[in-house]
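Chemist: Single-letter residue listing:
There are 2 protein chains.
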Amino acid sequence: MSIDEEQLLLKLFTEKKIEKGDHFLTEGHVCKSLAMIGKGLVRYYINDDGNERTYYFNRDGDFICDYESFLPQAPTNKNIQALEDTTLYLVSYNGLQQIYHDLKEGERFGRLGIEQVFVNVIQQLSSLYNDSPELRYRRFLDTFSDISQRVPQYYIASYVGIKPQSLSRIRKRAAQHH
Amino acid sequence: MSIDEEQLLLKLFTEKKIEKGDHFLTEGHVCKSLAMIGKGLVRYYINDDGNERTYYFNRDGDFICDYESFLPQAPTNKNIQALEDTTLYLVSYNGLQQIYHDLKEGERFGRLGIEQVFVNVIQQLSSLYNDSPELRYRRFLDTFSDISQRVPQYYIASYVGIKPQSLSRIRKRAAQHH
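Chains as they are written, first to last, in the working numbering: chain C, 287 to 464; chain F, 287 to 464.
I should point out that these hints are in silico values taken from the structure, not numbers from a laboratory.
The list makes no distinction among identical chains, and a pair is therefore deemed to hold if it is satisfied within one copy or across any two copies.
Dumping the calculated DSS-like pairs for lysine-lysine here, alpha-carbon to alpha-carbon at most 30 Å:
hint, residue 1, residue 2
1, Lys303, Lys325
2, Lys390, Lys297
3, Lys390, Lys318
Here chain C stands alone, though its shape is the one from the complex (with noise of 0.2 Å):
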């Protein structure tokens, strides 16, 4: 990147401090920004007649972004919420399109970052309909090995699917086989 690249860059994402419990994104609202997490840790949330069903995580270095509702800029039916002190780096959504343009491989790293979000958001709703909770759970430990102690329990019973005192069993079982 040249020095011009780097002071776009540096206009155009600016910093954000969100505290535990806060929201990121709210359900019929827009997703106007897309952030990257400088230090922190939130969840993303889908409300289901009251019941709350966390579907994913973001940790440091992650991005965030519900990119449904970003890239055609209409409202979302998500949730995303700190679970920690988050420190985020916003970029909105015309500094995105200004990126793509101005700097000289924008194009190309916009191309290839989308490809990868689409095949991870693939995977996720295909292993939220397709997989047993056991291989939920698993696959959790395996995505997010790194904040697996940072997430309480019922948060991460929900991403399985189950109530946390199925966690627990599973869990029992899946010690007792190491």
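Since the structure of chain C is provided, determine the placement of chain F on it from the hints.
Modeler: Just chain F, lined up with the frame of chain C:
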């Protein structure tokens, strides 16, 4: 586009005809090409323990691809079959990379294309799991109004997620409202 760019496209796309009943892609294989349909019709389906579940169609002018297999070049669990004699214009995975690289607007078209596919696939999946049969049938008529006469009824029923007899009832009820 410059003349050089047009000639590159002509070089990279090859014509292929497949007959009614033939497969463009079968489960266990890698989706190695993206194809534009010159003329014809295909259905996408998943083999669910011997029960074929049809979940999408492409027709004249559409691009055919299983991106979930094509992007990472990994084996698919899907099938794509011609419902009519179909003329395709194929470009290979490597050919597409060349288009991204060599065409001035290649990366940009690639990014915009995959963004559109992304939103479309998420909406399909969401509809598949959340919509009632009545709504699924209405969405079929909205999305595929131009081909509703060309798709056999049992594939429409499969797309809606019901038996052909139930589809007849939904069609009769819908007709009464008009």
